[in-house]
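Mind docking chain B on chain A? Use the hints.
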Amino acid sequence: MNEAIERRELITLDGRGVLVRGTFHRPRGSSFDSEPGASARNRIGIVFLNSLSLPRAATGDSAVYWADSFADCGYPSFRLDLPGLGDTAGDIPLELLKFINAGGYASIASAKIEELVERFDVSGVVLVGHCAGTVSAIYAAAACAGKCKGLVLLDPYFHLPQAIRPKVRQSLSDWALESRIGGALSNIYDRVRDVLLILRSNAPPQNANFGLLNRWKDVASTGLPILFLKAPARKAPGAKPRVGEFDYLKYVLGLAGRNSKVVVELIEGTDHSFANRLGRAAVGQHIERWLTSYFPLQEEVAVTGLRSKTDNSKNYDEYHMDCLHQ
Amino acid sequence: MQTQIHTDDVLMEHAGYCKVSGAYLYTVLHEVPDPLAQVLLIGPFASERHNSYLPWVRWARYLAGKGIEVLRYDYRGIGESTGVFEEMGFDEWREDVEVLTGWLKSRSPEVPLVLHGLELGALLAGNAFHSGIGSGLLLWSPPANAQQALRSALLRWVGLEHLYKPSEEVRPAAEYIRQLEQGASVEVEGYQWSSSLWRSSFGVNLPASMIDENTAASAYDRAVRIVKLEKQAAPLVRGGFVGYDEAKDFNWLFAPNADWIAAVARRTQGDGK
Chain A
1 MNEAIERREL ITLDGRGVLV RGTFHRPRGS SFDSEPGASA RNRIGIVFLN SLSLPRAATG
61 DSAVYWADSF ADCGYPSFRL DLPGLGDTAG DIPLELLKFI NAGGYASIAS AKIEELVERF
121 DVSGVVLVGH CAGTVSAIYA AAACAGKCKG LVLLDPYFHL PQAIRPKVRQ SLSDWALESR
181 IGGALSNIYD RVRDVLLILR SNAPPQNANF GLLNRWKDVA STGLPILFLK APARKAPGAK
241 PRVGEFDYLK YVLGLAGRNS KVVVELIEGT DHSFANRLGR AAVGQHIERW LTSYFPLQEE
301 VAVTGLRSKT DNSKNYDEYH MDCLHQ
Chain B
1 MQTQIHTDDV LMEHAGYCKV SGAYLYTVLH EVPDPLAQVL LIGPFASERH NSYLPWVRWA
61 RYLAGKGIEV LRYDYRGIGE STGVFEEMGF DEWREDVEVL TGWLKSRSPE VPLVLHGLEL
121 GALLAGNAFH SGIGSGLLLW SPPANAQQAL RSALLRWVGL EHLYKPSEEV RPAAEYIRQL
181 EQGASVEVEG YQWSSSLWRS SFGVNLPASM IDENTAASAY DRAVRIVKLE KQAAPLVRGG
241 FVGYDEAKDF NWLFAPNADW IAAVARRTQG DGK
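For the protein sequence lines, the chains are A and B, in the order given. Just so you know, the numbering used here puts 74 at position 74 of the first sequence, and the rest follows in order with no gaps. Just so you know, the numbering used here puts 106 at position 106 of the second sequence, and the rest follows in order with no gaps.
The hints are simulated quantities; they were obtained by calculation from the structure and are not laboratory data. Fair warning: there could be bad hints in the mix.
[As the list claims (entries may be wrong)] Chain A is nowhere near these chain B residues, computed Cβ spacing over 12 Å in every case:
id : residue
1  : His50
2  : Lys66
3  : Thr82
4  : Ser108
5  : Gln147
6  : Ala173
7  : Ile211
8  : Asp221
9  : Arg225
10 : Asn257
11 : Ala263
[Claimed, not checked] One-sided and incomplete, this derived list gives chain A residues near chain B with beta-carbon spacing under 7 Å:
id : residue
12 : Met1
13 : Asn2
14 : Glu3
15 : Leu54
16 : Thr59
17 : Gly60
18 : Ile92
19 : Leu94
20 : Leu96
21 : Ser201
22 : Asp271
23 : Ala275
As the structure is a prediction and not an experimental result, all values here were calculated from the model. Ideal placement from N, C-alpha and C gives every residue a C-beta, glycine not left out.
The following block holds chain A by itself, in its conformation from the complex:
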């Protein structure tokens, strides 16, 4: 059995007595191509964190696809299993979601990022998270500010979700999905919530993850480049939330402030997992374009490869301002 094949290498990060396993996708157009273990010659590294309990390949192996794709463009890419997840040993708490939402992985993730930066000689990392992985990414970015140079957040959330819904509520939701009357009542319920939201002066709800919002503000207001990718959701038009739900996107863009570099993109034709072909390809292209914009590669061969695959017509600075004025 080999630990390295063609463009992939299985890695372990064993600093601080914690052994984290992962996969390194060697970038094209560098000594990495032919030399396993060579340094990244000071490029930015792309690091994928686990989404909740998923192994590092993610749903439909989408993270493998993206990591291969960014490595093809010249960015060394890493997919890590945090302790207790995937192939990395470690105990996980009984309530994993609560642990993640409280930033439980921040300390170890930031330590491993520092270790990775040193070992692979990258100039810093862009952290990529999906769903619960975005929570870990934001907390980790706040904990290792110097090493984290950017964030890519796929369908982030800023509240404390109730993972186990009461049975009665679940049955009501199922009924609303399946029946016409249930659907109509669901719409009325949304309207009532909308009125309550207005009465509350659009303040964040009680179940907002205030700890995470604070970290977000710390990170985003520094001008850290952040790409925010959203999938369409049920009863939610475009990037807007469902009627009656608090508009977290608008709120966090406000928290980020005028100096921020937050870019928001809606990925059509996919779902929350982004794992279908359309979603995977669109996410890949958006991230590649964003990387070219904020973290251009110096090597001509890699840049040429990247440009041939992506559309560089959009100016992110303008788009960012559009978002802020919403």
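Okay, now just chain B, sitting in the frame of chain A:
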């Protein structure tokens, strides 16, 4: 949370790639000095891999802790293994099992080898055992055939679609099945199911003699254990609550099955098989 790990145990886990025709299989060997038995873990199909991954890895570690060496892997074209999923089929996945059992056997020819499959993996394990591989066979929730496994994965995925998509965008399972039967491919949880995969699934059956343990034991003269997993075994099988079930105690399942494997190994070595 305990992130400090038992270094010696973890260092005995070796991840690597095994070359097969046109691809590399991702494997993790849970090495044990002087193992009592060896087990090849053959996991569930594609989209089911991700949900069951944590308890599946814990099961491998549990067995290693009991002196049983384990090799687990990802099917060709899935997870960490390379290869294009839509170009893969049951022939390739059967070959994966043959290659890896051969590799395990070459490591310690005298140590009894047990095949253990979960869901679709149980079919692959059952067929390999039927062809004469292994001293024992452990099946968790084997479907009657691959078609049944694919159909239930498709139904679950359509159910999930209801949660995330507007009702008018969600199509019934019957429509996807019609597409597959008419020669088109369908994307299920990020995997492109080809029509040929669907068609060939009708021909991949659990051997008839594996209808129950007693029939199997008399047919093969080798130990066979069949366990149907209920919802309490989630996330090894679908069900339960994501974010809350990952750390739950599986001793009720692991202990008797590990004991059974150990007993098979002792009996096999006693018989000189």
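Status of the hints after comparison with the structure:
1. For His50 of chain B, the requirement that its beta carbon stay farther than 12 Å from each beta carbon of chain A is not met, with the minimum near 5 Å.
2. With a closest Cβ-Cβ approach of about 17 Å to chain A, Lys66 of chain B is found to remain outside the 12 Å limit, as its non-interface label requires.
3. Non-interface call for Thr82 of chain B relative to chain A: violated, since the shortest CB-CB distance, roughly 7 Å, does not exceed 12 Å.
4. No Cβ of chain A comes within 12 Å of the Cβ of Ser108 of chain B; the nearest lies about 15 Å off, and the non-interface call holds.
5. With a least beta-carbon separation of about 22 Å from chain A, Gln147 of chain B lies farther than 12 Å from that chain, consistent with its non-interface assignment.
6. With 12 Å as the threshold on Cβ separation, the claim that Ala173 of chain B sits away from chain A holds: the shortest Cβ distance comes to roughly 15 Å.
7. For Ile211 of chain B, the non-interface assignment is confirmed: its Cβ lies about 34 Å from the closest Cβ of chain A, beyond the 12 Å cut-off.
8. The Cβ of Asp221 of chain B sits about 33 Å from the closest Cβ of chain A, beyond the 12 Å cut-off, so the non-interface label holds.
9. Once the 12 Å rule is applied to beta carbons, Arg225 of chain B is consistent with being away from chain A; the minimum gap is 27 Å.
10. Annotated as non-interface, Asn257 of chain B keeps its C-beta farther than 12 Å from every C-beta of chain A; the closest such distance is 21 Å.
11. Distance check for Ala263 of chain B against chain A: the nearest CB is about 28 Å away, which clears 12 Å, and the non-interface claim stands.
12. Proximity of Met1 of chain A to chain B holds as hinted, the smallest CB-CB distance being about 3 Å (cut-off 7 Å).
13. Annotation: interface hint on Asn2 of chain A holds; nearest CB of chain B at approximately 5 Å, less than 7 Å.
14. Taking 7 Å as the C-beta cut-off, the interface hint given for Glu3 of chain A holds, the closest approach to chain B being about 6 Å.
15. For the restraint placing Leu54 of chain A at the interface with chain B, the shortest Cβ-Cβ distance is roughly 5 Å, inside the 7 Å limit, so the hint holds.
16. Residue-level restraint check for Thr59 of chain A holds (minimum Cβ-Cβ distance to chain B is 6 Å; threshold 7 Å).
17. A hinted interface residue such as Gly60 of chain A counts as satisfied when its beta carbon comes closer than 7 Å to some beta carbon of chain B; here the least separation is about 1 Å, so the hint holds.
18. A least Cβ separation of about 5 Å between Ile92 of chain A and chain B falls short of the 7 Å threshold, and the interface hint therefore holds.
19. Hint status for Leu94 of chain A relative to chain B: holds, with the closest Cβ pair at about 5 Å, below 7 Å.
20. Hint on Leu96 of chain A holds. Least Cβ distance to chain B is approximately 5 Å, under the 7 Å limit.
21. Checking Ser201 of chain A against chain B: minimum C-beta separation of about 30 Å lies over 7 Å; hint violated.
22. Taking 7 Å as the C-beta cut-off, the interface hint given for Asp271 of chain A holds, the closest approach to chain B being about 4 Å.
23. Taking 7 Å as the C-beta cut-off, the interface hint given for Ala275 of chain A holds, the closest approach to chain B being about 3 Å.
Taken one by one, the earlier hints fail for this structure at numbers 1, 3, 21, listed in ascending order.
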